[in-house]
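Q: Line by line, the protein sequences are chains A and B. Plus 1 on top of the position in the first sequence (first one is 1) and you've got the working numbering. Plus 1 on top of the position in the second sequence (first one is 1) and you've got the working numbering.
If you're looking for bench data, these hints aren't it; they were derived computationally from the structure. Quantities reported herein were computed from a predicted structural model and do not represent experimental measurements. Please note that a few of the clues may not be correct.
For chains that are exact copies, the list does not tell them apart, and a pair is met inside one copy or across any two.
Here are the simulated SDA-like pairs of lysine to any residue, each with C-alpha atoms no more than 25 Å apart in a straight line [claimed, not checked]:
no. : residue 1 : residue 2
1   : LYS301    : TYR342
2   : LYS301    : ASN364
3   : LYS348    : GLU293
4   : LYS301    : PRO363
5   : LYS301    : GLY345
6   : LYS348    : VAL110
7   : LYS312    : ALA302
8   : LYS301    : ARG335
9   : LYS312    : MET358
10  : LYS301    : LEU314
11  : LYS301    : ALA20
12  : LYS312    : GLN46
13  : LYS301    : TYR242
14  : LYS312    : ARG275
15  : LYS22     : ARG382
16  : LYS312    : ARG217
17  : LYS301    : GLY243
18  : LYS301    : VAL245
19  : LYS22     : GLY339
20  : LYS301    : PRO240
21  : LYS348    : HIS261
22  : LYS280    : VAL245
23  : LYS348    : ASP19
24  : LYS280    : THR98
25  : LYS301    : MET258
26  : LYS312    : GLY243
27  : LYS348    : GLY168
28  : LYS312    : GLU359
29  : LYS301    : MET366
Protein chains: 2
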Amino acid sequence: MSKVLLISSDCHAGALPDAYKAFMPAQFHQAADEWWLRYAREMMQRLGTFFDQEAVGDFTSQAGDAGAGKFQQDATSRALEATDEELWAFLNDPDSTIAPRRGEWDPAVRLQELEDDGIAGEVVFPQMAPFGAGLMQYRHPIDPAHNLAGNQAYNRWLADLCARNPGRHAGVAIVNVDDIGATVQEIRDAHAMGLFGGVLLPSSTGGHPFYHHIERYAPVWAVCEELNMPIHTHSGWSPDYGDVPSAAAMFISEVDMWAHRPFTAMVWSGAFERYPGLKLVLTETGCSWILELLRTLRFKADNPLFAHFTKGLSLTPEQYFQRNCYIGASFLPRHEVGDRYRIGVDKLMWGSDYPHMEGTWPNTMPRLQETFHDVPESEIRSMLGLQAAEVFGFDLSGMERIADRIGPDIAEITTPPLHAEAI
Amino acid sequence: MSKVLLISSDCHAGALPDAYKAFMPAQFHQAADEWWLRYAREMMQRLGTFFDQEAVGDFTSQAGDAGAGKFQQDATSRALEATDEELWAFLNDPDSTIAPRRGEWDPAVRLQELEDDGIAGEVVFPQMAPFGAGLMQYRHPIDPAHNLAGNQAYNRWLADLCARNPGRHAGVAIVNVDDIGATVQEIRDAHAMGLFGGVLLPSSTGGHPFYHHIERYAPVWAVCEELNMPIHTHSGWSPDYGDVPSAAAMFISEVDMWAHRPFTAMVWSGAFERYPGLKLVLTETGCSWILELLRTLRFKADNPLFAHFTKGLSLTPEQYFQRNCYIGASFLPRHEVGDRYRIGVDKLMWGSDYPHMEGTWPNTMPRLQETFHDVPESEIRSMLGLQAAEVFGFDLSGMERIADRIGPDIAEITTPPLHAEAI
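Whenever a hint applies, use it, and build me the whole structure from the sequences.
A: Below, the structure written as structure tokens:
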């Protein structure tokens, strides 16, 4: 019996700040350094407020500002008092407590950690990228030329990382939507650079129209369909909840919601109607919410007046979801596994969220057992790897050879854990 | 057997534009006139785009811009070509097709239409109020002094309307949150004026911090608890989706979501913890969404890190919901009736949405039969009136005397309709 192929549809990578300079025109280097220093100080100031003088270890991944790495209270205090030179050294010292983990940017360490966790291939999302690019795109105003340089530097750095272990890392390109011509060009460049994970759509469009403006975004949908680049939304963006005690709770509670919005916009504006081959993957925003959203959209659309606003759509929201969309389900809670037939088993792709602490790494095997122990084998294989291989175009036979070397037996997943939670 | 007491927890009222001047300092009159004219022209321009030269009757209630009344395509064209003087006359002519219906502002007509529909009492929400106040508060930037005058004029006009039929209309005061001292004073004034329906919380706080900023909003929560004024959110606000074909579909799909957000903010920031007598009523934003939201909040809060962000909360989100919140369920679809035990029968209050065309008026009896025919009598009585009487403090014995005169027999509701939809 073959081993189980694991492809994580949700992992993250990011460099030490200095490393992006090799992929960025020199004219932006000084501004980039200044941006990182400002960002780090702001983050640490906030963490000081949040943690209220208690040491809680790695908060930043949890709160989505993962690029700043793992903060600890004592490290935070030290860094806050540091000069710019000291802080810059601290941010770029691979062994400091506030730098990204080595596996986030070192291809050899990364591959080893993935394999040790049983994972053959991965889809790679950003951490914080230079000039606020990436998951938090448009969280704060930034000079557009700087932001574009940040997006481009990240993509080129990521392509370089992914190329070190060919076929194993499906890198996801990041873009902004300031100038749609530039966005389309960056998607073409990303494809040419081998970033076959697709494109991360910013959850916020900043001051620009949202994604229901079909004329504005049609070139993006068109190029993604043409190049078979899946479009992703991924939790991470939120408005700034300010420096108050409940800000973190608000962030964690609402961050998925902000990343759900592009689905509705793309349905009603006809993105899926016009580009039937377009793929949208909704990653790390939960699963079961789609059932309530689809029910709401159906209820609203049943109103006779509504027909007027949706002329030209040949399918229902459910049908577009089934045809065009997937859910990057990350580590599913049990109740979401229980909803798999209502959502569609073939819509769900598991992810470890490596290297974030809220994910399953480095304990993926026991976590898989907790989640999937009573699920039929064919469904496990689909959700854990086969569907992702298909959606992103991994080389399946190559992947399966690797899985046979490093992947788990099915029994490692289907053996009931000691304390099994009901669905 | 007594008749069934119907109290609609969701109705709307609004005046002809000119009528607000009696409740507004003279210094604002000219600016108010200019605002109405500009608003009417913008609305009609948009409707022209939406309807694409087809006549579709009353769209505005559906789209939440209900204050502008019932637009028709031909009326729209006429109005677009009108001079300011002609348009002003048109907006203030009770018989014109773009003015509010007579029942929206004439207390005698209103009471007769409610009674003809079997309804003894009502909770009264706004239509569009002067200077953009009301359901769409903060949709567009406006001079703060003008906006405050608009809120105050509406509340004084509404108090006057409600006083004509004492005890029958639970008027809901509108406020903005520009200056919390002024907000608190307006709530005190509204209470003194007899607006016992409570206070409408704007779904957006504009450029101000959102409702999780406990220090900013604590005075509002405190005064509402002190005066037993329920706080409402009501669907209506959205960002401006622009002048594109899918804007209306986006509005209709997302408008509930924007009105859900204050619940999460009030839970995590401790509004219900600090003010245990505070009541929040979530009106015309659906029902079943609360189950998915509570499940999401529970899942997020189960993360050990989360405890750190919610120190000081003695209850779970579910428990705050059960203790402090109600749902103004309007006309429930069948699947939401089916969720009543999971939500809590005593949390649900029916509403007709009079006089909006998407509501049940003037056909409330057959609509009640469709929705409630297989529901036990005690639950019907609770959802249709008894719970609302309790939450808003209607005089129950007075209400029941009126219901005995104009209300339906229980059999009018529990007789199965010819084509009963499954739950």
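Q: All the hints need checking, so say for each whether the structure fits it.
A: Okay, the hints, checked on the actual structure:
Within a single copy, LYS301 and TYR342 get their C-alpha atoms as close as 24 Å, and across copies as close as 23 Å, so both meet the 25 Å cut-off. Taking identical chains as interchangeable, the C-alpha atoms of LYS301 and ASN364 lie at most 25 Å apart only when they sit on different chains, with a minimum of 20 Å there against 43 Å within one chain. Taking identical chains as interchangeable, the C-alpha atoms of LYS348 and GLU293 lie at most 25 Å apart whether they share a chain (16 Å) or sit on different chains (20 Å). Taking the closest pair of Cα atoms, LYS301 and PRO363 come within 25 Å of each other only across two copies (21 Å); inside a single copy the shortest separation is 44 Å, beyond that limit.
Taking identical chains as interchangeable, the C-alpha atoms of LYS301 and GLY345 lie at most 25 Å apart whether they share a chain (23 Å) or sit on different chains (24 Å). In this assembly of identical chains, LYS348 and VAL110 lie within 25 Å of each other by CA distance neither inside one copy nor across copies; the values are 31 Å within and 54 Å between. Proximity of LYS312 to ALA302 under the C-alpha cut-off of 25 Å is restricted to the intra-copy arrangement: shortest distance 11 Å within a copy versus 42 Å between copies. For the identical chains of this complex, LYS301 and ARG335 are inter-copy neighbours only, at 14 Å across copies versus 30 Å inside a copy, given an alpha-carbon limit of 25 Å.
Taking identical chains as interchangeable, the C-alpha atoms of LYS312 and MET358 lie at most 25 Å apart only when they sit on different chains, with a minimum of 22 Å there against 46 Å within one chain. In this homomeric assembly, LYS301 and LEU314 come within 25 Å of each other (Cα to Cα) only inside a single copy, at 15 Å, whereas the closest approach across copies is 36 Å. For the homomeric pair LYS301 and ALA20, neither the shortest alpha-carbon distance inside one copy (49 Å) nor that between copies (34 Å) is at most 25 Å. Proximity of LYS312 and GLN46 under a CA criterion of 25 Å is satisfied inter-copy only: 20 Å between copies versus 50 Å inside one chain copy.
Taking the shortest Cα distances, LYS301 and TYR242 sit within 25 Å of each other only across copies (17 Å), while inside one copy they are farther apart (30 Å). In this assembly of identical chains, the alpha carbons of LYS312 and ARG275 lie at most 25 Å apart only when taken from the same copy (13 Å versus 49 Å across copies). Within a single copy, LYS22 and ARG382 get their C-alpha atoms no closer than 41 Å, and across copies no closer than 69 Å, so neither meets the 25 Å cut-off. In this assembly of identical chains, LYS312 and ARG217 lie within 25 Å of each other by CA distance solely inside one copy; the values are 19 Å within and 45 Å between copies.
Proximity of LYS301 to GLY243 under the C-alpha cut-off of 25 Å is restricted to the inter-copy arrangement: shortest distance 20 Å between copies versus 34 Å within a copy. In the homo-oligomer, the alpha carbons of LYS301 and VAL245 lie at most 25 Å apart only across protomers (19 Å), although the nearest pairing inside one protomer, at 36 Å, exceeds that limit. With identical chains, the CA atoms of LYS22 and GLY339 are never at most 25 Å apart, being 46 Å at best within one copy and 58 Å at best between copies. With identical chains, the CA atoms of LYS301 and PRO240 are at most 25 Å apart between copies only, with a shortest distance of 19 Å across copies and 27 Å within one.
With identical chains, the CA atoms of LYS348 and HIS261 are at most 25 Å apart within one copy only, with a shortest distance of 15 Å there and 28 Å across copies. Taking identical chains as interchangeable, the C-alpha atoms of LYS280 and VAL245 lie at most 25 Å apart only when they sit on different chains, with a minimum of 23 Å there against 38 Å within one chain. For a Cα distance limit of 25 Å, the shortest separation of LYS348 from ASP19 qualifies neither inside one copy, at 39 Å, nor across copies, at 56 Å. Taking identical chains as interchangeable, the C-alpha atoms of LYS280 and THR98 are never at most 25 Å apart, the minima being 38 Å within one chain and 45 Å between chains.
Taking CA atoms no more than 25 Å apart as the test, LYS301 paired with MET258 passes in both settings, with 19 Å inside one copy and 13 Å between copies. Taking the closest pair of Cα atoms, LYS312 and GLY243 come within 25 Å of each other only across two copies (18 Å); inside a single copy the shortest separation is 41 Å, beyond that limit. When the C-alpha separation of LYS348 and GLY168 is checked against a cutoff of 25 Å, the pair qualifies only within one copy, where the shortest distance is 23 Å, while the shortest distance between copies is 54 Å. For the homomeric pair LYS312 and GLU359, the shortest alpha-carbon distance between copies (20 Å) is at most 25 Å, but the shortest distance inside one copy (43 Å) is not.
For the identical chains of this complex, LYS301 and MET366 are inter-copy neighbours only, at 22 Å across copies versus 42 Å inside a copy, given an alpha-carbon limit of 25 Å.
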